[in-house]
Structures are given as structure tokens and as C-alpha cells.
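Letter by letter, the chains look like this.
Number of protein chains: 2
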Amino acid sequence: RKKMQVMAAIAEDRRIEQESMLSEKPPTLLRDGEDADDKNGLRARFEQMVFRIQNEVCAAVEAVDGGKFREDAWSRPGGGGGVSRVLQGGNVWEKAGVNVSVVYGSMPPEAYRAATGSTTKKPGRIPFFASGVSSVMHPKNPFAPTVHFNYRYFETDAPEGAEGAPRAWWFGGGTDLTPSYIFEEDVKHFHQVQKNACDKFDPNFYPKFKKWCDDYFLIKHRDERRGLGGIFFDDLNDRDPDELLAFATACADSVIPGYIPLVEKRKDMPFTQENKDWQQLRRGRYVEFNLVYDRGTTFGLQTGGRIESILMSLPLTARWEYDHQPEEGTEERKLLDACRNPPDWV
Amino acid sequence: RKKMQVMAAIAEDRRIEQESMLSEKPPTLLRDGEDADDKNGLRARFEQMVFRIQNEVCAAVEAVDGGKFREDAWSRPGGGGGVSRVLQGGNVWEKAGVNVSVVYGSMPPEAYRAATGSTTKKPGRIPFFASGVSSVMHPKNPFAPTVHFNYRYFETDAPEGAEGAPRAWWFGGGTDLTPSYIFEEDVKHFHQVQKNACDKFDPNFYPKFKKWCDDYFLIKHRDERRGLGGIFFDDLNDRDPDELLAFATACADSVIPGYIPLVEKRKDMPFTQENKDWQQLRRGRYVEFNLVYDRGTTFGLQTGGRIESILMSLPLTARWEYDHQPEEGTEERKLLDACRNPPDWV
Numbered sequence: 001r002k003k004m005q006v007m008a009a010i011a012e013d014r015r016i017e018q019e020s021m022l023s024e025k026p027p028t029l030l031r032d033g034e035d036a037d038d039k040n041g042l043r044a045r046f047e048q049m050v051f052r053i054q055n056e057v058c059a060a061v062e063a064v065d066g067g068k069f070r071e072d073a074w075s076r077p078g079g080g081g082g083v084s085r086v087l088q089g090g091n092v093w094e095k096a097g098v099n100v101s102v103v104y105g106s107m108p109p110e111a112y113r114a115a116t117g118s119t120t121k122k123p124g125r126i127p128f129f130a131s132g133v134s135s136v137m138h139p140k141n142p143f144a145p146t147v148h149f150n151y152r153y154f155e156t157d158a159p160e161g162a163e164g165a166p167r168a169w170w171f172g173g174g175t176d177l178t179p180s181y182i183f184e185e186d187v188k189h190f191h192q193v194q195k196n197a198c199d200k201f202d203p204n205f206y207p208k209f210k211k212w213c214d215d216y217f218l219i220k221h222r223d224e225r226r227g228l229g230g231i232f233f234d235d236l237n238d239r240d241p242d243e244l245l246a247f248a249t250a251c252a253d254s255v256i257p258g259y260i261p262l263v264e265k266r267k268d269m270p271f272t273q274e275n276k277d278w279q280q281l282r283r284g285r286y287v288e289f290n291l292v293y294d295r296g297t298t299f300g301l302q303t304g305g306r307i308e309s310i311l312m313s314l315p316l317t318a319r320w321e322y323d324h325q326p327e328e329g330t331e332e333r334k335l336l337d338a339c340r341n342p343p344d345w346v
Numbered sequence: 001r002k003k004m005q006v007m008a009a010i011a012e013d014r015r016i017e018q019e020s021m022l023s024e025k026p027p028t029l030l031r032d033g034e035d036a037d038d039k040n041g042l043r044a045r046f047e048q049m050v051f052r053i054q055n056e057v058c059a060a061v062e063a064v065d066g067g068k069f070r071e072d073a074w075s076r077p078g079g080g081g082g083v084s085r086v087l088q089g090g091n092v093w094e095k096a097g098v099n100v101s102v103v104y105g106s107m108p109p110e111a112y113r114a115a116t117g118s119t120t121k122k123p124g125r126i127p128f129f130a131s132g133v134s135s136v137m138h139p140k141n142p143f144a145p146t147v148h149f150n151y152r153y154f155e156t157d158a159p160e161g162a163e164g165a166p167r168a169w170w171f172g173g174g175t176d177l178t179p180s181y182i183f184e185e186d187v188k189h190f191h192q193v194q195k196n197a198c199d200k201f202d203p204n205f206y207p208k209f210k211k212w213c214d215d216y217f218l219i220k221h222r223d224e225r226r227g228l229g230g231i232f233f234d235d236l237n238d239r240d241p242d243e244l245l246a247f248a249t250a251c252a253d254s255v256i257p258g259y260i261p262l263v264e265k266r267k268d269m270p271f272t273q274e275n276k277d278w279q280q281l282r283r284g285r286y287v288e289f290n291l292v293y294d295r296g297t298t299f300g301l302q303t304g305g306r307i308e309s310i311l312m313s314l315p316l317t318a319r320w321e322y323d324h325q326p327e328e329g330t331e332e333r334k335l336l337d338a339c340r341n342p343p344d345w346v
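Chains as they are written, first to last, in my numbering: chain A, 1 to 346; chain B, 1 to 346.
Calculated directly from the structure, the hints in this document are not laboratory data.
Heads up, some of the hints might be wrong.
In this list, chains with the same sequence are indistinguishable; a pair is considered to hold if it fits within one copy or across any two.
As the list claims (entries may be wrong) - Keeping only pairs whose Cα atoms sit at most 27 Å apart, straight-line, the calculated DSS-like set for lysine-lysine is:
| no. | residue 1 | residue 2 |
| --- | --- | --- |
| 1 | Lys39 | Lys276 |
| 2 | Lys39 | Lys188 |
| 3 | Lys25 | Lys200 |
| 4 | Lys208 | Lys267 |
| 5 | Lys265 | Lys220 |
| 6 | Lys208 | Lys39 |
| 7 | Lys68 | Lys276 |
| 8 | Lys211 | Lys276 |
| 9 | Lys265 | Lys208 |
| 10 | Lys276 | Lys140 |
| 11 | Lys267 | Lys25 |
| 12 | Lys39 | Lys68 |
| 13 | Lys211 | Lys25 |
The structure displayed is predicted, hence computed values, not measured ones.
Could you put the whole structure together from the sequences, leaning on the hints where they help?
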């Protein structure tokens, strides 16, 4: 895939600039001038959307948890930066994080030519722009599920010093659920809410993006998924960008109604040490997926993004037991079977 | 490095065959016939060495712990296999594993030509042989250190159907210590024992392999090492193979005297919840290194080795706190500083 070649080229090329912490969240992370002033531009509208989602999701979590998110904001010398919000050791969530980030970078022209087939002669480096919201929330109660979502927008500019050169853009994202125990009504509710968001735009979206999600979150070395999926898409650029922005927005707006009610229902359920240990083993699988396969994580680690924000997705605690095999007929085995052979939930 | 290209080629090419569990440990994992019968061959002598080390290390751990290792043995259809021993939830160690493995595989000829510069015309696939012992032991007490060691021997054969073709072999290995708290006398003792083993063979070995170890166990995205090092070497083939086998043997024989006394000294020290949490955070770093950077682990996951044996190196439990920064002047900070700027211990 071309996009993956672009990402690989960026990762191989050089680290992004070191961040400086800010005393408070700035109104925009966009570069002064062109980007920040163009309020109707896609960059500005996308950034405002992800900031709104960050506010709303954090408010919804705080309302259920009773705890407060800590906020860290930073910027980079050449423009861009991020805002991380983390709630650690809450009443309901042991760790919940919601990141917004804006990255301005550039990649070497050879990489861009290889990835896009461009034949532009002697172009300069290719500037790129990336913005996104990314979140993982791990509840304490083993019957309350973990959720992850990420919505992102990516642009490559014209090469420096070249005219009429290619310019690429795409949207990516998804929301997926990782329970340690299956409550069918919960998983169906979650998938139904994602499907509803998709169906407003295209009846083919949900089936396509549900499968993409099942394929993406595969822990290859175990031939099992980290959880029960949801939706995942990438390289989306075959429609009007306004429509795709609206689609990404609808998906991001589905996080609260799709997820928060499940935690409210399960957060006070009594559980045993066995339930907790199984949750911790599944958290170990979560760590395996994120550190070995997740593109956002591995890309972030390679390019020198802000480590604490990237690894915020890891659970507070995790466990690895040698050769743990849940017995046939148990609830633990039922979950594992669904991670191995993803069912259709709606 | 040529060797790394060979390893990459093997990883990219194909999975090794699925293992079958055996009811008991076989006397040898070598292929019947040539390899198993050639008792004085390097393959047989290396295998006997790693089996002996596995026995001795497990016996030493059991003597201190009081618990017993569980043993799992397996073989593969084309020859080779492994023996894993694991002690989980012991009195002193929360997880200790010692693996022996023998792998027969083959790689595509193009990869071999690219890696070695060989110009042999139309060779068949290149068979390879790899054998090793690999171990990680995580104690419960936060003042008792984790140790890891691995000694391995690798050979590539003549390509199938080619005459007088190149044939490569090398030794690799190392032993390194990962404490959560520094007791200088302990770290010095550990390094001194490794140095003594090295010095018998070459006065340049210890300084060279100590630095190699510090370089190898770097968690790049944090610019800190997972622990306090020891020795690490690879691609060792510039001496008589008998001498290098003796060297690898001397290193492997240094694990017990270098490590076990440290655990005996620290295993019953009183500790606080803070000490335990810090140990758990360092275990998180261990997981990051192993899943993101460790070649043995990533190679094993990619080639379809026995997952439970490969991931035996992961701790029983680990922890990730957002933006944890130990304060200046604390024992936790002292450890972190030594992981960032490795001192000379002897």
C-alpha cells in the first residue's frame, strides 16, 4: 500500500523535533498564519473536531468516574504539538487517556517518489501534516470493557520548490471494544452504534470496516484478536473531503453512546480474583498487540513522538502466565473463541 | 551486518513447522543420523552443553526457591524441537524460565546470496541449524534482580544441490542483570564474574562485550537501558570453533556464581508497596524492550516459534504509569541514571 510506504519512509528518515511543554492548552496547535487563519480549511476544521471530541469524552468519563483528567500540552519548534489528558487511578477507570496531536514533518523526496510513483524532477523534501485524536480507556472492573478510538487526517504537501507536484490526503480511524468477558447485549449495542454511524454514509461501510478492524487487531503470533472489534478504516480519500470529515466526525461522536453505557452497567458488578487475573492476562495481550503490531504506536516510537502520550494506551497493570489455557465451556474460553473467530454481532 | 540480513531473510521467508508436544524430554533434539550420531561434532557438543546448563541452573534455582520447574518438550516434523522449563509463582521467583531449542530450517537462496555475497550459480535453498539456551528469571522481592542469559550456535549449510558452496557459522550470547534497585557490591560481583570468564580467553572480550551489551539493551524510545548490563556478543567466528565453544561454555557456567548469590542475599529483605510498584514499572520497561527490540523475541514471533516458550521471558506482572519521574536523590532515580548512562562496574 502506498500510504504504508509513505509512513515507513517518514519513520526511517528522521525523528520529529523535540517537544516543549506548555503551561496551558493553546487554542490551536496549527501553525500561525496560513493554517491557523484558514478557519474553514480542513486542517482547522479537523483540529476543532478532535478538540471537541476530547472535551466531550473526558467530560463523559469524569461524570461516571468522579475523578479528574490531568492535562499536559506541548508544542514543537516548527509548529504542531499536542494535548494529552490522563485519568489514572480513578474510581471506575484505572487508566484513561485521550490525546490530541498535530504534527508537521517532512520526508525525503526519494521516499515520496517510491511511494507515489511521482516523476517530478529534483523536488525538495515533502512536507506532511497529520492530526488526530487517540484514546484508550481501561476500567478497573473486569466486567467493564476497554475501548480504543482514533480518528486522524493526513496530508502531504507539494514538494519544496516544485510546481504542480502531487498532493495526497486521507482520513483514517476506528473504534474498537476489548472486554475480558462477553455480555452479548453489550457487544451488540457497541457494534450497532458504530453501524448506525456508518450506515448514514454508505451501507457498505460497516461490513467493510468491521472486517478491516478484525483483520487489523490480530495478534499474529497468537492468531487471536486483542478484542471484539468494531470499525477500522484507513486511506479514505475516494469521496469529497467534506463528506469524509463528516463521516469521521459521526464515528467519533459514536464513542460516548456506544461505550459509556456499558461501563455504567458493569462498573459495580462483584468479581473474584480469578476474574481479575483473567482481565490482567487480556491486558497482557493488549500490550503485546500495541507494542508489536499497532502502527500508531510503532510509528510514534520510531519517529520520536512524545513517549508518555504514545504509551498512555498501555494498561496500568498487565500479566503473563506461562501456557494459560482457559477450559472449554468457561466464560474465559468463550471470550478467547470470539477473539479467534470473530462473530457478526449485528 | 551480514548475519542480521540472514536472520531477516529467514524471518521474511516462511514460518518454521508447527511443533508437536512430547510426553518427555528426549535425549537429543538433533536429527537422527548424521547430527545425532556425530557425538564430537559441534552441534552435538553444543546441544549437550546447553542441556547441562539448563539442568544446573534449574537445580540451583530450585535449591533456593523450594519450588519445582515444570517441563515441556516438543519436536518438529523435520527435526529439532525444544525443552522449556518454567517455575511460576515460586517462593522466591515469581517467574523463571529456561529454554533449550534446536531449529532446522532453510532460507531462500536469493537471501543467502544477498547476505553473503556468494556467487554460486543456481543453488537450492540454504539449510540452517540453530541451537541455544535462553533464560529469564524474575524474583518477587524488588531488591532481588532479574537475570537473562542466552547462548546460541548458528550454522548455514551448503545449498541443496551445490558443490563447494559457502558455509557459515557463528556463536552469540550474553548474560545481563536487571535490578530495580542498585546494590553496588551486587552489580560489581555480577560484572566481575562475567569479566573473569572473558579474561580467560581474551582481555579485550569483557570491555568489548560489556559495551555491546549496553548498546544492545537500549530501549531506544526512552534512551534508557532495561537494566545494568553484563556481556553480549554475536557473529563470533574469528577463532577456532572449539575455542569459541569453550568460551560460550565458560560464560554460561558463570550464570550461577554471578547471579544466585545476589538473590540469596536479597530475597528476604523487607520492602514497601512503593518498592514493589517501582519494580513493576521496571518490569514494564522489560516488556517494552523485549516486545519492541529484542531480536530473539521478534525473530521468534515472526517465524512462528513456540509462542509460550518465546514469551516466557515476560514478567508475571508489569505496570505502566503515565509520566512517572523518580525524584532527584532517590534510589529509584539512581537506578534510572545508571540505565541512562551505564557506569563501568569493574
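So, going through the hints one by one against the coordinates:
With identical chains, the CA atoms of Lys39 and Lys276 are never at most 27 Å apart, being 48 Å at best within one copy and 50 Å at best between copies. In this homomeric assembly, Lys39 and Lys188 never come within 27 Å of each other (Cα to Cα): the closest approach is 38 Å inside a single copy and 62 Å across copies. For the identical chains of this complex, Lys25 and Lys200 are neighbours neither inside a copy (34 Å) nor across copies (60 Å), given an alpha-carbon limit of 27 Å. For the identical chains of this complex, Lys208 and Lys267 are neighbours neither inside a copy (32 Å) nor across copies (54 Å), given an alpha-carbon limit of 27 Å.
In this assembly of identical chains, the alpha carbons of Lys265 and Lys220 never lie at most 27 Å apart, being 32 Å within a copy and 41 Å across copies at closest. For a Cα distance limit of 27 Å, the shortest separation of Lys208 from Lys39 qualifies neither inside one copy, at 33 Å, nor across copies, at 58 Å. Both within a single protomer and between protomers do Lys68 and Lys276 lie at most 27 Å apart by alpha-carbon distance, with minima of 24 Å and 26 Å respectively. Taking CA atoms no more than 27 Å apart as the test, Lys211 paired with Lys276 passes in neither setting, with 30 Å inside one copy and 42 Å between copies.
In the homo-oligomer, the alpha carbons of Lys265 and Lys208 never lie at most 27 Å apart, since the shortest distance is 30 Å inside one protomer and 59 Å across protomers. In this homomeric assembly, Lys276 and Lys140 come within 27 Å of each other (Cα to Cα) both inside a single copy, at 9 Å, and across copies, at 20 Å. Taking CA atoms no more than 27 Å apart as the test, Lys267 paired with Lys25 passes in neither setting, with 31 Å inside one copy and 47 Å between copies. With identical chains, the CA atoms of Lys39 and Lys68 are never at most 27 Å apart, being 31 Å at best within one copy and 67 Å at best between copies.
In this homomeric assembly, Lys211 and Lys25 never come within 27 Å of each other (Cα to Cα): the closest approach is 37 Å inside a single copy and 43 Å across copies.
Checked against the numbered hints given earlier, the structure breaks hints 1, 2, 3, 4, 5, 6, 8, 9, 11, 12, 13 and satisfies all the rest.
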